[in-house]
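**Student:** One letter stands for each residue in the lines below.
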Amino acid sequence: MSEEAKLSHTLVVSDLSAKQRMWGPRSTKNRESFFHDAAGPYASPSSLRTTSKTDTRSPSRQSNSGQRKPTTWLSFPLEFSFSTTMVGPTASLSNLSRADGSASFKCPTTGYKILGSVNAPVELPGRRDALKPEEATVEVFIKPGNTTAGVGERYAEGIIRTMLQKLILGRERGFPRRGVVITLAIVGGGAIARGDSYLTLLPSLLHTSLLALLSGAVPMSMTYSAALMAVSKSNVIVSNPTLVEAKAASSLHVLAFSSKGHLLLNESQGRFDFDTWKTVQQRAHALCRGVELPEVDGDIAMEAQGDSGTAEGFVRETVEDHLCRDYAWKINTE
Amino acid sequence: MATSAAAPASSSRPALSLPPSQFARLQPHAYLLAHLSPPSTNNQPSIRANGRAPTQFRVTSANAGSLTHTNGSAVVRIGDTAAVCGVRAELLHTEDIASWSVSQATSSNKSPRSADQTEELGEQDDNETIERERAHIEDLNLLVPNLSLSTGCAPGFIPGSAPSSLAQSLSHQILSLLHSTRLVRADDLRIWYQPPSMGPEELERHNDEEQMDVDTAQNDPVEESPREIKAFWVLYIDIMIISLAGNAFDAAWAAVLAALRDTKLPKAWWDVDNETVVCSDSISDARKLSLRGLPVASSFAVFEADAAAGWRAAVIPEAAEMKAQRLARKGGVSERWLLADPDGYEEGLTQERACVVVDKDTDGKVIILKMEKNGGWTIDTEDLQQLVDLSSQRWEEMKRILDEC
Amino acid sequence: MASPLVLLPGDEVPSRHLPSNKSNPLKLGPGLRLLSQPSSTSQNAQSQHVLTATQAGIVTTDAKRNTVSLLSFPNRRYIPTVNDLIIAQIHHSSVDYFHCMVTPHTAHALLGQLSFEGASKKTRPMLRQGDLVYARVLSIGLGAGAEVELTCVNPATGKSEPGGLGPLNGGMVFDVSTGMAARLLRASSSSSEQNESIDGLVVLSELGKKLESLGGFEIAVGRNGKVWIDCSNAGESAVKATIAIGRCLQTVDEKGLGPADQKKFVTRILREMKLVS
Numbered sequence: 001m002s003e004e005a006k007l008s009h010t011l012v013v014s015d016l017s018a019k020q021r022m023w024g025p026r027s028t029k030n031r032e033s034f035f036h037d038a039a040g041p042y043a044s045p046s047s048l049r050t051t052s053k054t055d056t057r058s059p060s061r062q063s064n065s066g067q068r069k070p071t072t073w074l075s076f077p078l079e080f081s082f083s084t085t086m087v088g089p090t091a092s093l094s095n096l097s098r099a100d101g102s103a104s105f106k107c108p109t110t111g112y113k114i115l116g117s118v119n120a121p122v123e124l125p126g127r128r129d130a131l132k133p134e135e136a137t138v139e140v141f142i143k144p145g146n147t148t149a150g151v152g153e154r155y156a157e158g159i160i161r162t163m164l165q166k167l168i169l170g171r172e173r174g175f176p177r178r179g180v181v182i183t184l185a186i187v188g189g190g191a192i193a194r195g196d197s198y199l200t201l202l203p204s205l206l207h208t209s210l211l212a213l214l215s216g217a218v219p220m221s222m223t224y225s226a227a228l229m230a231v232s233k234s235n236v237i238v239s240n241p242t243l244v245e246a247k248a249a250s251s252l253h254v255l256a257f258s259s260k261g262h263l264l265l266n267e268s269q270g271r272f273d274f275d276t277w278k279t280v281q282q283r284a285h286a287l288c289r290g291v292e293l294p295e296v297d298g299d300i301a302m303e304a305q306g307d308s309g310t311a312e313g314f315v316r317e318t319v320e321d322h323l324c325r326d327y328a329w330k331i332n333t334e
Numbered sequence: 001m002a003t004s005a006a007a008p009a010s011s012s013r014p015a016l017s018l019p020p021s022q023f024a025r026l027q028p029h030a031y032l033l034a035h036l037s038p039p040s041t042n043n044q045p046s047i048r049a050n051g052r053a054p055t056q057f058r059v060t061s062a063n064a065g066s067l068t069h070t071n072g073s074a075v076v077r078i079g080d081t082a083a084v085c086g087v088r089a090e091l092l093h094t095e096d097i098a099s100w101s102v103s104q105a106t107s108s109n110k111s112p113r114s115a116d117q118t119e120e121l122g123e124q125d126d127n128e129t130i131e132r133e134r135a136h137i138e139d140l141n142l143l144v145p146n147l148s149l150s151t152g153c154a155p156g157f158i159p160g161s162a163p164s165s166l167a168q169s170l171s172h173q174i175l176s177l178l179h180s181t182r183l184v185r186a187d188d189l190r191i192w193y194q195p196p197s198m199g200p201e202e203l204e205r206h207n208d209e210e211q212m213d214v215d216t217a218q219n220d221p222v223e224e225s226p227r228e229i230k231a232f233w234v235l236y237i238d239i240m241i242i243s244l245a246g247n248a249f250d251a252a253w254a255a256v257l258a259a260l261r262d263t264k265l266p267k268a269w270w271d272v273d274n275e276t277v278v279c280s281d282s283i284s285d286a287r288k289l290s291l292r293g294l295p296v297a298s299s300f301a302v303f304e305a306d307a308a309a310g311w312r313a314a315v316i317p318e319a320a321e322m323k324a325q326r327l328a329r330k331g332g333v334s335e336r337w338l339l340a341d342p343d344g345y346e347e348g349l350t351q352e353r354a355c356v357v358v359d360k361d362t363d364g365k366v367i368i369l370k371m372e373k374n375g376g377w378t379i380d381t382e383d384l385q386q387l388v389d390l391s392s393q394r395w396e397e398m399k400r401i402l403d404e405c
Numbered sequence: 001m002a003s004p005l006v007l008l009p010g011d012e013v014p015s016r017h018l019p020s021n022k023s024n025p026l027k028l029g030p031g032l033r034l035l036s037q038p039s040s041t042s043q044n045a046q047s048q049h050v051l052t053a054t055q056a057g058i059v060t061t062d063a064k065r066n067t068v069s070l071l072s073f074p075n076r077r078y079i080p081t082v083n084d085l086i087i088a089q090i091h092h093s094s095v096d097y098f099h100c101m102v103t104p105h106t107a108h109a110l111l112g113q114l115s116f117e118g119a120s121k122k123t124r125p126m127l128r129q130g131d132l133v134y135a136r137v138l139s140i141g142l143g144a145g146a147e148v149e150l151t152c153v154n155p156a157t158g159k160s161e162p163g164g165l166g167p168l169n170g171g172m173v174f175d176v177s178t179g180m181a182a183r184l185l186r187a188s189s190s191s192s193e194q195n196e197s198i199d200g201l202v203v204l205s206e207l208g209k210k211l212e213s214l215g216g217f218e219i220a221v222g223r224n225g226k227v228w229i230d231c232s233n234a235g236e237s238a239v240k241a242t243i244a245i246g247r248c249l250q251t252v253d254e255k256g257l258g259p260a261d262q263k264k265f266v267t268r269i270l271r272e273m274k275l276v277s
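Residue numbers (the UniProt record's numbering), protein chains in the order written: chain B, 1 to 334; chain C, 1 to 405; chain Z, 1 to 277.
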């Protein structure tokens with residue numbers, strides 16, 4: 001019956017179950033390097049073991065460690081920042097049984113763990129006058145782990161809503177006049193204080209929303225992938241920076257690309273010039289979608305081979321895994 | 001247009017015509033599109049429904065110091081969008097900060113003097129100074145902006161209602177821009193106390209026995225007792241949008257900037273005898289804030305020619321393909337326009353937005369402080385480059401306006 | 001189907017995956033849509049239209065019926081569709097209608113007091129709160145806030161077609177995923193004699209064989225993820241048998257057991273519950 005416990009549908013168990021996947025080359029060596037390389041309080045093995053319910057790391061401890069060693073962090077050699085990019089996020093799909101779609105996503109470098117749920121199409125009671133007659137209303141709610149939502153959450157909600165509104169096909173059958181409600185709970189990772197930049201959290205939130213939307217089978221025109229980039233004081237571009245690196249950076253960038261290569265979202269802050277941003281954009285593009293390959297006409301099977309290790313490939317693999325498990329009966333019999 | 005309605009049916013043109021104001025309300029998208037893409041027969045330039053060229057900003061005016069009961073204030077008007085900003089400074093005693101003694105013990109005991117000196121040098125801050133600045137301004141929340149839209153500024157906003165999510169996200173944007181640009185120097189907000197210098201043994205006695213025998217100090221000049229921060233100024237920055245006709249962020253940020261440039265803080269010092277901070281009421285003693293740079297925000301919207309794009313079941317081309325198409329069509333009819341400083345009417349017709357905050361250093365080099373783009377996929381790298389160029393032109397204009405006010 | 005083709009929203013369905021049956025028009029299932037290539041851009045005129053996915057799912061085709069559809073995540077909430085067979089529970093009744101619960105947290109569906117086989121003012125069934133009905137979705141209305149209407153009778157013939165519609169007496173209801181409910185419906189609708197494992201589902205036929213000695217069982221599957229099971233023929237072990245069947249179905253659903261595992265599991269459960277030796 002151990003098999004039974006492993007596949008149980010409860011949230012806490014599924015966090016640690018075989019549902020999880022590593023991003024990037026999936027050898028055991030990399031798995032180990034995840035524990036040894038990614039230093040800092042956020043990616044230690046103990047933080048991996050914490051689940052949503054038992055996350056006891058207090059914000060004060062986080063900020064202390066952040067203040068104690070900024071100088072040492074800045075002097076890390078460049079390759080360190082690459083070693084962290086090798087460690088990919090983990091995600092699981094459909095872990096809430098009551099929601100139409102749900103997903104959890106954990107970013108190892110920033111330590112954030114997000115649980116997202118999607119309900120669509122749902123009636124939004126009492127709001128009928130505010131609903132658009134020809135398409136669905138997208139609503140996003142972000143719930144911080146330890147406080148009530150404040151102005152920062154409103155801002156991030158606005159960004160995600162604006163972006164998703166363009167991608168969700170709210171005119172498909174059954175959607176007009178109804179709502180697509182996305183709730184994102186921050187269940188692990190440090191707290192974001194008032195006025196702090198929300199950019200470090202944004203890619204995790206975006207990926208969680210995408211996975212939850214996919215598991216809820218909400219019609220969309222395209223998928224997307226997002227990346228967090230930092231430019232350090234010495235003008236070194238750090239992909240997937242840790243929170244400490246992000247805090248010390250001279251500029252922070254969040255970019256999201258559609259599955260067809262469009263720049264969907266850019267949020268940059270800090271001091272930088274346009275040429276730096278262009279380099280950042282290229283790096284982010286490589287991180288999200290892999291290096292630019294000559295287009296193969298409509299051949300998805302070919303593309304899927306090339307993009308493991310990228311954010312887009314990660315989303316695809318997670319979904320493929322889940323679907324293949326769900327339809328194992330079909331795949332095996334036919 | 002009763003005359004045209006009664007016109008003979010022999011004319012092939014449709015008999016019904018509408019005055020422009022009604023056309024604008026009934027078919028807003030077609031109305032704006034007709035302005036932007038005039039028929040090629042008459043040699044009219046592409047112009048927006050509000051009479052501006054696509055990249056033209058609205059007439060902007062600023063007036064600083066109009067509210068007398070604040071430390072600094074400004075009214076900025078961009079077209080029909082008007083924002084009032086007032087800055088009020090209040091004192092925050094370090095003894096009221098719960099974690100103050102702890103954080104001082106860990107972080108600031110190392111040479112506070114030298115840190116301040118480097119800060120005076122301007123941009124060459126070392127990392128520790130930046131970290132101390134950040135710790136003071138961000139962790140102690142010395143800047144508290146709050147934006148209010150519930151002034152009846154637009155028909156959708158009812159006075160006295162709870163802050164809308166737009167107001168909340170604008171508040172956050174302003175706060176986060178204040179933090180990321182490090183506009184306000186932490187040193188302007190610190191109130192220092194320099195204990196009279198005394199020898200080490202006296203210092204000990206002074207601390208232990210609370211004796212105020214300052215006269216006994218026969219100090220050696222090298223052993224200087226460290227300065228300490230006794231209080232901070234907290235700046236409450238309240239922004240009210242009194243009229244909203246699109247592009248609230250640019251107006252709000254310009255108002256904040258103008259108000260902070262106007263802000264004067266009274267001279268304040270620690271009074272040892274009363275153990276409190278005392279302010280001078282002489283205006284001549286008051287000091288202006290020395291801000292870092294002049295970040296100017298410029299917002300843009302993208303108007304797409306195809307009104308029914310969301311309805312059309314057409315393939316969204318790949319990004320590279322889209323670019324090729326655009327190049328091929330260059331010179332021909334544009335499919336989308338970048339509109340600078342969109343007004344309320346245009347904001348209702350557009351989904352894709354971009355916002356660029358730029359500053360120029362003393363050499364005239366453009367520094368981007370914030371760049372946002374969301375809500376669509378038509379803006380690409382070249383467009384952003386163009387927007388940055390437009391924003392730097394706007395920076396010159398805004399600098400002139402803010403310097404004059 | 002060794003390596004299934006999984007599509008994400010925006011992906012095109014490769015033309016080699018489409019059924020090559022030219023006699024019938026191609027039918028699209030859920031999750032797919034036909035998009036036109038903007039005419040100015042399509043270099044090759046032969047592909048004016050492309051099929052793209054709007055959801056994540058596995059592409060399945062049926063060459064016989066010339067259909068292509070996308071299998072999305074099976075654990076979705078049930079959304080009423082016309083002609084679906086569902087199991088509804090009466091919440092309360094009014095003069096003309098029974099108000100039924102189809103899915104939790106959604107508006108009640110309406111079931112006419114007279115939409116039963118042979119029902120008239122005098123002979124209509126007197127259903128009370130909590131009673132179960134096997135019904136067909138008659139209409140789902142349009143737009144938000146529209147009411148779903150159910151019926152237990154074919155309005156054209158006045159018969160309860162397909163058979164078995166109407167109040168469900170006795171038995172128990174078990175919740176399964178909507179994907180499992182669809183599989184069960186497919187499995188039970190096709191004559192299970194000729195093809196033993198429809199959609200890899202042998203659990204029902206296996207249970208039927210094993211429980212034949214107890215008098216068999218009755219089952220009704222609702223698309224809304226409900227399965228009603230009745231073993232009243234089994235005498236005193238009726239409750240035990242019902243629960244055993246329910247457990248088998250739920251476990252097969254949750255764990256996605258393959259045919260061999262299903263057989264093993266059925267044997268184990270029945271032995272554990274001491275229903276068969």
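Note that these hints are calculated values from the structure, not bench results. Since the structure is predicted, the reported quantities are computational estimates derived from the model, not experimental observations. By construction, the Cβ of each residue, glycine as well, lies at the ideal position given by its N, Cα and C atoms. Some hints could be false.
Pairwise CB distance ranges (calculated) [as the list claims (entries may be wrong)]:
#1 C:His-29 <-> B:Ala-286: 45 to 55 Å
#2 C:Asp-306 <-> Z:Thr-67: 25 to 35 Å
#3 Z:Lys-122 <-> B:Ala-149: 41 to 51 Å
#4 B:Ala-191 <-> C:Ala-308: 42 to 52 Å
**Student:** Going through the numbered hints above, which ones does this structure break? Give me the numbers in ascending order.
**Tutor:** 1, 3
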